[in-house]
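Enquirer: In case you want the letters, here they are:
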Amino acid sequence: MNAEFTAEEIVFQKDVREFMQNEFPAAMKQKIDANIRLSKAETVRWQKILYQKGWAAPNWPVEHGGTGWTATEKYIFATEMGLVGAPEPVPFGMKMVAPVIMAYGSAEQKQRFLPDILESNVWWCQGYSEPNSGSDLASLKTTAIRDGDHYVVNGSKTWNTYGQFADWIFCLVRTDNTVKKQEGISFLLIDMKTPGVSLKPIVLLDGHPEVNEVFFDDVRVPVNNLIGAENKGWTYAKVLLTHERTNIAGVPRGKRRLLALQRIAANTDDGFGGSMANHSGFKHKLARAEIELMALEYAELRTLAALSVGKAPGPESSILKIVGTELAQSMDELFVELAAYHSLPFLPDQFEEGFQGVHIGPGNSAAAALTYFNNRKLTIFGGSNEVQRNIICKAVLGL
Amino acid sequence: MDFSYSEEQQMLQESVQKFVHKNYDFDTRKKIMASAAGYSAANWQLFAELGWLTVPFNEADGGFGGRAVDLMVMMEEFGKAMLVEPFLPTAILCGCLISELGSSAQKSALLPQIMGGELQLALAYAEAGSRFNLANVTTTAVRKGDEVILDGTKILVLNGPAAQHLLVTARESGAATAAQGISVFLVDSKTAGVSMTRYPTVDGRQAAQIQFKTVRVPVASRLGAAGAALDGLNVVIDRATVAVSAEAVGALEALLRKTVEYSKTRKQFDVPIGSFQALQHRMADMFIECQLARSIVLRAAMILDSKDSAQEKSKAVSAAKCRIGKAIKKVSQEAIQIHGGIGMTDELDVAHLFKRVTAIDLLFGNGDFHAARFASL
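In order, the protein sequences belong to chains W and E. If you're matching positions, the first sequence starts at 311 in the working numbering and goes up one per residue. If you're matching positions, the second sequence starts at 4 in the working numbering and goes up one per residue.
Bear in mind the hints are in silico, worked out from the structure with no lab data behind them. Honestly, I wouldn't trust all of these hints.
[Said to hold, decoys possible] Quick list of in silico lysine to any residue cross-link-like pairs, SDA-like style, CA-CA up to 20 Å: (1) E/K270 to W/S694; (2) W/K704 to E/K33; (3) E/K34 to W/G517; (4) W/K490 to E/K33; (5) E/K33 to W/F592; (6) E/K267 to W/E696; (7) E/K33 to W/A638; (8) E/K333 to W/F592; (9) W/K595 to E/K267; (10) W/K510 to E/L351; (11) E/K333 to W/E636; (12) E/K33 to W/P511.
[To be verified] Stretches of chain W that chain E covers, calculated by requiring three or more beta carbons in the stretch to come under 8 Å of a beta carbon on chain E: (13) 509 to 521; (14) 669 to 683.
[Stated by the list, open to error] Short derived list, chain E residues pointing at chain W, Cβ under 10 Å: (15) R134; (16) N139; (17) I158; (18) T180; (19) Q183; (20) N237; (21) V238; (22) Y265; (23) S278; (24) E350; (25) V353; (26) A362.
Computed from a predicted structure; not experimentally measured. Yeah, the Cβ is synthetic: ideal placement off N, Cα and C, and Gly gets one too.
For reference, chain E alone in the conformation it holds in the complex:
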């Protein structure tokens, strides 16, 4: 048994750490968030040069290997610094979905552009009534000759505002929650009938609500066979779930570290507040939560990289997401409480870490959803 990182994984970790140290302090992040795009295009180019954008992809597609553990190593460092660049939507969600469902022509047209940092994408899958059920798709895709006509509204399309192309889930057949009948289409964001309302999210990213009104796309823009996208979508969302869980592990450890540091320097009643046992035990509990969160996320990543069945993989992912939800609540709430008023201010990174992990708790399903999914698998 050996849980240590490989040399390659260590290099990847150091590469992110070096970048963050040099280019991504809290004030810089603030400026990036306030910019028109909401992320730094220069950083994105740098990510491409550093090879980070190849990490989600397997070697056959020209990638770094597509291992969940590699992605975990990287996302954890992203989480500590709260990178707002659209790595999750473009590289993981859309990149992996193209890799999973796309034809070889589609892959060779799109994946090199993603890895080269030339293409921004967004996955439009969630709907107002779908909650966390991936099979709940009411956006329709109606075949008409060589075209498909899309109608429906998608919510929380991460990176929607910057995306040149959207991957859109739509139903070609079946009832609203049927597993069969869901397809994914590649849609140019500027296509007639696509209208976007952009907004920032609580965790400093850019998202959009997107309406598709009689949007005509060629049949050839479908990824894979008609109505058969759900399994691939599941696989990709599972990978993304482990990725954001790893990001949360990094963010929670940052919260723990900052809280412990603060408790050593903040004095009340002439002593550091960290000398109070009432607070010490709570920080010990935060530490335990961080350790369990790290353990179960690592477990999920290793199982994703194994030859286990699809069912075992999904089960491991749900276990991780459910458990990290508990850690998120405990660690992030205690971090604010122990900091006191200062932990609630916009100018301290603690509040922003708190908001990011709160969003991650909801992304791809909260604890209740994944407990139920775990039990059903």
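Next comes chain W alone, as it looks inside the complex:
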């Protein structure tokens, strides 16, 4: 048994680390450290830097522009990227629709869509959940009815992240009402500029319109935008959901945030002449978070070790999703606890570029509560933690 990297892997790690330190734009790093959201242009710029290096899509097969890395190398890459704070690619294109197109799309579709995803020329968004179909996704009602060379799409999708930036949306639509609900679903790609597509922003509790409702009103979609066979969309979607769950543990990000907590604690007065770093209650909570992160990291490494000897990712990814998201939320609580009264101003724009008002509170303290609020989503999306626990019960425990 050994948890060491090989000599080659250590060299690789050094290369990746140097690249991240040299190439991740300093201005973006500053924004990330200050909790300022990156603009679409910046996100795309970073993706293109990775693309130039040939590192845009480590998880893709080499034939489509992937890196050919081992599971361990991919892990090292994700870790190093997370440690400098560089954002992961927007998942909808790279991690979600692309694997489905690769697996089930036609040669023409692969040629048409994949290069633009790899180069970050096209921004994708997701059309899965509906107002009445969340955890029970298969009950979705948006219809696509065949009319000559087109499908006519009607209905609405919700919790659509950053659709305001998107050029294309991949959707699950109902193409057959007469069969079992899972068997009448198709996987359709829709150009957001098609007449009849409209967006309504949904403002979340942190004041940010991060998600949208998307409406389809007699939207005509060419039949050649259908992926694979009609009524097989559910099978394809399940593959995609497994991809959504990989890399979800967020260990590198957790490490960065833990360091930030330690740094902030040392600089935060406890009110009695000492610092929060020496506050017994807080110190213990911070220690527990660190210990949980260690356990999570080793759970992830064990999954990785299994992957590297050829085992498929199984229900273990549910463990990583549950623990990773719950740990992230408990760290959010620690940031709020440190910021205390400084976390109470509600100035959602304070950390946006171009904010003109007066900055309230030291550092990023006023972002603490907003982040705590926003990150309640972590245990809800990507298959809620309840759904993940069901998967463990069924697939692992045989209940």
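Starting from the structure of chain W, add chain E where the hints point.
Expert: For chain E alone, coordinates are given in the frame of chain W:
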């Protein structure tokens, strides 16, 4: 033993319930929050007419009796509807501090105006480095003849933007965290040298960061004796702590009720999600938390109204605030989780209740602070 409300308390409760039913639905609250003042002056007048503004004050001051249990009954109803009107800063924090420390002249000048709804006040006590320690005051008050000169910065001054006068804690002597040496001054908000940065808070209230730069006030604006304000401040913050804890009890019960209702109507997999045992047990736990929160807050309010020692009173308050912090986390987080995505949207009251109780968890000290205070008393 009898934990039922008196007739007067029932009337008070019904009076708030009636007002909320008629004047304070969620959309109305939204409009009030979006208005320039951030609260409704008309509602404030109504509060005065209904006698609510007299509740924190004892009979000698012309009030309803000043009982913590009465205040609890009222604040719980405020919590369910998330009233944003500045009852806590004006009536409880400042009103009670004047009642506690003020001379009879100061009381008779100010308290009737508060009870009549004519005066808005704000208590400027917290500082950037004070965290939850009331004795940590670095704002200075330097005596010069008949005047005192104030210098320093206060944070999270609730109702600062609307306040005509501020009550400001400042140090006349002693080291930064010394118990002796803290005084409270009544300062007109428009006094030269007072500069205010206003901001909304996560729970839809208005607050300000206020800088005092060579602010000259007459010595007569001091409440009570020089440097002797801490005990009174402690008493008032304890009362306010029980009041916001009661408000949290109301908000948490609203969250529980809404979550249970939602779980009965929201269908997934062709059945209401409330039929899943995994969720049922969690809602049962939310219910238990609400019950324990209600119990310990009631205990604290009853002890505040008793003849127990000051130490026993503070201990009961810290017990309540510490315990309700646990209930706040559990109930509010589960309420969002069980609602799913919809619980995170700005348009649903659940998210706003969540944000209010999150703020209450911090106000006047979080669970850790009060556990430590409890242990030290």
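Enquirer: Take the hints in turn and mark each one as holding or not.
Expert: Hints and how they fare:
1. Restraint check for E/K270 and W/S694: the C-alpha separation of about 16 Å stays at or below 20 Å, so the hint holds.
2. A hinted pair counts as satisfied when its Cα atoms are at most 20 Å apart, and W/K704 with E/K33 does not qualify at roughly 44 Å.
3. In summary, the hint linking E/K34 to W/G517 is supported, as the alpha carbons are separated by about 16 Å, within the 20 Å threshold.
4. The hinted pair formed by W/K490 and E/K33 fails the criterion: a straight-line CA distance of about 44 Å is larger than 20 Å.
5. Restraint check for E/K33 and W/F592: not satisfied, since their Cα atoms lie roughly 36 Å apart, outside the 20 Å limit.
6. In summary, the hint linking E/K267 to W/E696 is supported, as the alpha carbons are separated by about 17 Å, within the 20 Å threshold.
7. For the suggested pair E/K33 and W/A638, the alpha carbons sit about 31 Å apart, so the restraint of at most 20 Å is broken.
8. A hinted pair counts as satisfied when its Cα atoms are at most 20 Å apart, and E/K333 with W/F592 qualifies at roughly 19 Å.
9. Using a Cα cut-off of 20 Å, the hinted pair W/K595 and E/K267 is violated, with the two alpha carbons roughly 36 Å apart.
10. Restraint check for W/K510 and E/L351: satisfied, since their Cα atoms lie roughly 16 Å apart, inside the 20 Å limit.
11. Annotation: proposed proximity of E/K333 to W/E636 holds, straight-line Cα distance about 13 Å (limit 20 Å).
12. Taking the CA atoms of E/K33 and W/P511, the gap is near 18 Å; set against the 20 Å cutoff, the hint holds.
13. Given as covered by chain E, the segment 509 to 521 of chain W passes the check, having 6 residues with a CB less than 8 Å from a CB of that chain where 3 are the minimum.
14. As drawn, the segment 669 to 683 of chain W meets chain E at 7 residues by the rule of a beta-carbon pair under 8 Å; at three or more, the given contact holds.
15. This hint holds: E/R134 has a C-beta 3 Å from the nearest C-beta of chain W, less than the 10 Å allowed.
16. The interface hint given for E/N139 holds, since its Cβ lies 5 Å from the closest Cβ of chain W, which is under the 10 Å cut-off.
17. Given the 10 Å rule on beta carbons, the hint for E/I158 holds: about 6 Å separates it from the nearest Cβ of chain W.
18. Proximity of E/T180 to chain W holds as hinted, the smallest CB-CB distance being about 6 Å (cut-off 10 Å).
19. This hint is violated: E/Q183 has a C-beta 16 Å from the nearest C-beta of chain W, more than the 10 Å allowed.
20. Proximity of E/N237 to chain W is violated relative to the hint, the smallest CB-CB distance being about 14 Å (cut-off 10 Å).
21. Hint on E/V238 is violated. Least Cβ distance to chain W is approximately 19 Å, over the 10 Å limit.
22. At a threshold of 10 Å, the smallest CB-CB gap from E/Y265 to chain W is about 12 Å, leaving the interface hint violated.
23. Restraint check, E/S278 versus chain W: the minimum CB separation of about 13 Å is more than 10 Å; hint violated.
24. Restraint check, E/E350 versus chain W: the minimum CB separation of about 7 Å is within 10 Å; hint holds.
25. Contact between E/V353 and chain W, as hinted, is supported at the beta carbon level, the nearest pair being about 9 Å apart and thus within 10 Å.
26. Checking E/A362 against chain W: minimum C-beta separation of about 6 Å stays under 10 Å; hint holds.
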